Each structure stands twice: as structure tokens, then as C-alpha cells.
Amino acid sequence: MMTGLGATMVRAGRRLLSSLPALFGVLVFTFLLMRVLPGDPAVFFASGPNAGKEEIEQIRKQMGLDKSVPEQLVFYLSDIGRGNLGRSMMTGQPVLKDLRERLPASLELTFTALLIALIAAVPLGVMAALRPGSVVDHGVRLFCALGVCVPTFVSGLLLIYVFYYLLGLAPDPTGRIDVFTSLPPQHTGFLSIDFLLAGDIEGWWTACRQLILPAVSMALFVIAPLARITRASMLVSLGSDFVRTARSVGLSWHKVVVTYALRNAILPVITIAGIVFSTMLGANVLVEKVFSWPGVASYALDALLSSDYAPVQGFVLLMASLFVLVNLVVDICYGIADPRVSIG
Amino acid sequence: MSEELLKIDDLHVAFSTRRGMVEAVRGVTLSVEKGEMLGLVGESGSGKSVTGFATTRLLDTAGRVTGGKILFRGQDVTKLRGDDLRHLQGAAMSMIFQNPRAALNPIRAIGLQIADAILTHKKISKEAARAEALDLLRAVQIRDPEARMNAYPHELSGGMCQRVMIAIAISCNPALLIADEPTTGLDVTTQKVAMDLLADIAAARGMATILITHDLGLAARYCRRIAVMERGRIVEEARPKALFSAPRHAYTRRLVAASPTATSRIEDLVAEEDRERHTAVNGKPRPEPAHGTPPLLEVRKLAKRFDQGSAAVADFSMTMAGGEAVGLVGESGSGKSTTSRMICRLIDPSEGDIVFDGHSIGHVASRDFHRSPLRKDIQMVFQDPNESLNPRFTAYDCIAHPLLRLDGMRAGEALRQRVEECAERVGLPRDLLPRFPHQLSGGQKARVGIARAIACRPRLLVLDEPTAALDVSVQAVVLQLLDRLRRENDIALLFVSHDLNVVRMLCDRTIVLRNGGIVEQGESRALFDNPKTDYTRKLVEAIPHIETGEMLASAL
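Taken in order, these protein sequences are the chains called C and S.
Using the UniProt record's numbering, read the first sequence as starting at 1 and increasing by one per residue.
Using the UniProt record's numbering, read the second sequence as starting at 1 and increasing by one per residue.
Since the hints were made in silico from the structure, they are not lab data.
Residues of chain C clear of chain S, computed beta-carbon distances all greater than 10 Å:
1. T8
2. G175
3. T206
Away from chain C, derived, C-beta distances all over 10 Å, residues of chain S:
4. L30
5. R143
6. T190
7. G352
8. E421
9. E424
10. Y535
Derived contacts from chain C toward chain S, CB cut-off under 7 Å, selection only:
11. F242
12. T245
13. V249
14. L251
15. Y260
16. N264
17. D338
Computed from a predicted structure; not experimentally measured.
We treat Cβ as the ideally placed atom computed from N, Cα and C, and that holds for glycine.
Kindly produce the complete structure, drawing on both the sequences and the hints.
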């Protein structure tokens, strides 16, 4: 058992090291991409549309934009090396601080959405696989197709329309918390957890109510891939020799389906869940916009629209690092769930 | 009067497929007495496994019993449902499967899997179940059972996995055990140990056993009664001796003839009425190579080491003359496939040299060898005819491909003629050429594989277990084909196999490998009749022989 865990850790370490070149590539690529995109930040951040040439030139100098691109790259990389992601022109704050404030909001939303998606998708996939071709199977297929077809901002708006406007069950979709509730002392940055730590049940409930609609509209979009992969791998599992063995000795239905079939079928679902998580984290900008969620994705979009280099580069770097991290976690989970992995 | 445990009466099983209902079993009547071991023998598609699955109620959802009765202790199994069914499965009858490694849950410790079976039928604590599982591991003679309790199937060898499977099957002392090809895929020596164990356990616990197998020799060794199935029906049922000395049904005759024995010759494999012109060619003895002719293939001190660990093959040397057939035998892991692949130049040797027809080819990197002019002289036939054909190539494309790549031929009339000629030489009907692999039978696919290999008129053909996936009757035909090709076209054969009887028939010389080294080599017949090393003797003794020697004598 120890050796298995040790081997997994060694593998994880190796994975982390081998991802460094990729991260570096991402850095350089984003940097160059930002320079190629049309739009001059100096013009954008000059005092007004009538700003004189000298003023713009002065801002350029101040921002270091008068230097050649390779020179700028070297400065940028040495800054990154010292842990300095630059300053946002928009907010006037260091990018690192901005991201640190907003990341927990995005993470909380994404985690919740993924949790909802998994809780819904795995049973749906299992039900579909147990009776392929049945009404249940077709129902799940239709549901999944709808989830994929409807863009998240449409489903988000629909949810708002029904639960906020028509039924009045949900709070107004304006961020993580309503204006009247005071914020809990910050520990994790996840409001739902911080409220619990502070013992403020009422505050926790408020935060959860704010969270549920955006999380559901994100989850709807990813239930489909998760349910489909669960169904497919469950079908393989149910048709496998070892499930037949389990049936041949008369194990109970529950034991056959859950312990034998599902535990084997869940392995590919872990991998897909990791990919889905990474995608959601970056792609939830629409949901963040619709629900005024103060997350990193909407922050990066605003920065991009105003040619604010530093936040966009910081955001891409953050996403790339998270992607590496998530894959690592998936790898470790996989190593724990499947004893064969540590051997290969 | 002996007690009847199981009685199958006019059983019909049908499968619903895209093309409608297909009857897999049509009117099987069988009975098994208490404590008896019955052999159910037949080739693939004969319905023997389906009969077994119908009895244990493990048919696929597509399969359905459409008629007849399966009476187990007087109770009709086909009508059981719910809890009654679960009490039957495992507790009253259980099953052992082919491919033991796949039959065990890959991510559950084997001790837990055995305990699962015990806990299903006995109301005892988890600790007690664990203790019983440990006893069972001891009963199936697994070394160091305490440590093995926490092992996963991938950490055990195939033979070990089959023992665990046996332990699961006998965990609740069923009265009937159905073993479906329990030893297929295991090494010969492991086969014997596993079957002996199974027979001992069944005898000790008074369990009746149905041994489902395609191997007549195996059934003859362990069963007192054998039922032969063909196309969903039982065509003959007899004691082994009677079955072999005086088979009554034509199909049984064919099957008995096709099963290689210690004394059979290639021409014996096909029953008299089916014999082709084989004998005519056969009479002609192979001309002795002139003295001083350099060997076709010379292998010197070949070695292969994979990334870490010990050498897979070490210090392997051999020579082969043109037109000679050499057998390479050994258990799995003995390095025979690795060696054959190095000679084919599909993988690179770590040390040593390969000289083919005077040219050193051992140092040509395997990924560049396809450009060598010698590529078309050395060709390979692979083990699994299903996996080794491109599913998107028709039989014609498969055979034409090497001609296009290696012989520089262009699509056209000449190519078509060459392909048809190759097909004819391997006995593949011309109208099958436009078909895709999935539209061909196993034997036909094997022929396509051989036709592809001989298309460029190679001088050395390396065959890696070419008949392992085939039924005996198909194997017989393929072996005759290979023998004929060798005699007619003077192709040298390097034949890799675990089936000693086949090697004995086909090959002039045999090399026995173990752990990557040569144990023994020599003239095939001499080597098998008088093995010099214990290892070879063990291999020879492990083959289930059909003891027909004295019976044949008396019959003649």
C-alpha cells in the first residue's frame, strides 16, 4: 500500500516537472499574441480621446512599450520569475492581488457546478446503461442533447426568468452575496465554507442561494459528456467477464452493479471530470457575466477588451497552471482508484 | 442406481441478432450424475458454451431459452427467478471461465472477491469470511496465501488467476461445477497443474463437473464420458476409448483425426474422405542441400534486454537451411516470440548478429528494414488472424499490399493475377477476395494472413503461433497448407508454438527455450521421444495425449 502511494507521488512529481516547459511555452505564446492583437493600450489609457501625441508617447515609455518586443519579453519573464505579474491598468491594482481576490469565486462556482453535474450524471449514465434502448436511456439521451445544445447564458437567463422573475424563489442574480449580508472572516475564500467556519448559518444559506443558479446553469452544460462517458464505460463494465463471474456466484444486484461494475466504470469518468473542470474554469465567463459573478474569467474578458496586457497574461498563466494541477490531481485519484496504474 | 444431478432435456437456445433469431442450441439432451466429470467437446460455434451458460442462467440479454427443460435436482432452472435463482448460482452450481485474468475484478483484492462470494450465501461475519477465503486459497495451493489475499489480479500469473477463480467457484461447495475452457490460454505445464487441481478438488468434494473444451485430448484425460457437439446438437456420446477407437459420427471422425497426437502425421489430420492431393506432393522427399551450401539463416549470440530487468533472450544461436522447418517451443515468457520478432527484424536485438543469406541484417535498425531488399525475403504470419488484418482492407487489398510496397508492382492486371495466384496457392476461393476480414471465417482469415506473407515469394516465413486461435479442424488444414508450401516452394519455416504435437509434425528440428535461453535442440522426433532435459520432459508429459497407441494396434 505504501509503495503504491510512494510510486504515485514520484509519478506526480515527474509530471509536474515535465509540465514546466509547456507552461513556459504558454507564457511566451500569450505574450506574443497580446502584442500581435490590434489595439494600443497607451491610446486606451491616455487621459482622453484628444490626448496629444506627446502624452501617449510618455505613457508608452512609462509602460515600457517603446522597447523592442524581445526586450519586453525579457523584462516580462524576469518579472514573472520574481513573482510579479504586473499591474492592471483597469483596476490599478497588482494583477496577482486581483486574481487572488477573484479566483476563489470562480473556483467555488466551478467546484459546485462539477459536483452537481457528477451527482446528476453518474446515476443518469448508470440508469441508461442498465437498460440500453429503454425509455430511460432515450430520456437521458434527450436530456443530455438539450444540455449541450442550449448555451450556458441562455440556460442561465432561463433559470433566472423562471426562478427569480416568475417564482421568486431565487435571490437577484447580482454576485456572490446580497448587499445586506456582511462578509465572513476570510479563510478559504469559498464563501459557503467561510460562513460555516464562522458559524453563521444564515449567511451560509444566503451564499448558497446565490450560488445555486449559476452553478446549475454551468452544470447543465457538462452533464452530457459526463453522463455519456458513464453510460459507455458502464456498458463495457457490465458486459465484462468479471461481472459475469460476479453474477455466476450469485452476488446481489447491488453488489454487482455498484462494487463490481461501477467502480471499474468510474475510472474514465475521473479523467473526463478533470478535463471538464479545467474547461469550465476558463469557459464560465458567460455565466459569470449573466450572474455578475466576480470571477477571474469575466475579469480577463474585461481586460482583453481594453487591451490591458498584464491581467490577460496573468489569467492565461493561471489557467495553464490550474490545468496542470487538475491533471495531476486526476492522476493521483486514478492511481488510488486503480491498483494497476502504479505498475505501468 | 446412480443419482441424476442435472438433466437437460431437448434444450433450445436462440439469440436475437440484427438478422433475426439465430438458434445456437437446437435440442441438446444431456445428463450428469452426482460426482461425475462429463466432457462437452466441440469447435467454436457448436453451442457448448451456450449450453453451459443456459444451465447457470448467465446467458446474454440477447439469448433466450426457447424450448426444453434444464432440471437440476428435479427443479427446472429455466423457470427460477429472484432469490431462488441467486441461491442456485454459486451455492448449488458455479462456473469457471476461460481467460481467468479477465474473469476477476481488476481493481478488487482477490481475498475480497472470494469473501464476496462466501458472504452472499452464508450469514457470517466479514472476519470469518476472510478466514474461509484464506482456507480456500490454501486449498487451491496458492503459495504464501496470507500475502496473496491482498493481491490484485494483475499481480498474479494466469495460472494463479485460474486458481483464484476455482477458489471462488468452489467457495460455497456447489454440487455442480461448469468449467468453460478452463485451461485455454494457459501454458501446457500450467494447464496440467490447473486441471489436476480441479479434478482433485471435484473428486474430494464430490462435485459433478462439466468440462467444456475444444481439446479432445484434455477431455479424454479427465472425463469418463464425452459428449461431442456440432452446430447446436449432440452428435455422439461415449466413453473416451470408444470415441477414439471407433467414432460413429462423421463429425467425430473428423474431429478425432484432426486432433494432433504423439504419433500422428500431418497427412493423418484430415479424415480420408476429405484428403486432397496432398499425398502426391508429399511422397517426394526434400532434396538434401549440397554439401557446403551456406545456411539461409544464421543467428549468432542474439540477446535482447528490455528497459530494465534481466534479458528476455540471451545468447541465442541457431542456423537454418533453405526449405527447412524449425520449431521454437517454450512456455510464455520463454522469449520465443521476442526471438522470432528479432529475426523478422521487427524489433532490434541488444547484442549478437543475424546473417540472412550471407548478409548481416542484425544491425539494420528495425524501422529502416522495410527499405531493405531482404524485407520481402523474410515475412511473418501472426498469431491472431482477427487482429493482424486491417479491418478496412479487403482480402484482396491485404494480399496486394506487400506486392505494392515491396515488389514495386502497380495496380493493374498483373497485380490482380499475382493476388489471385497467391489466393489459389493457399486455397482461398477467388470470390472471397473482395470481402472484408469480418466477413470471413477464422480459417479463411488465417489463409489471407498466409497468402499475404507468401505474396512476395519469401525464402523464410516466421510463424508466431499461427494456429493457436483456430479450431482443430481448421488447424489441420492450415498445417497441411504450410507443409505443402514448404515442399512446393522451398520456403523455410520458423514455427513458434506452444503446441508440441504440432511442432513435432511440422518441423524437422526443434529448439526448446526457457527463460530466454536454449535448453535443448535437435531432431524433432528424437527430441520429443527421448527428451534429454527435465524441462523438455515436463513439457512433453504435460500435453494431453489421446491414448490410442494400443487401441490403434488392436483396431488394425
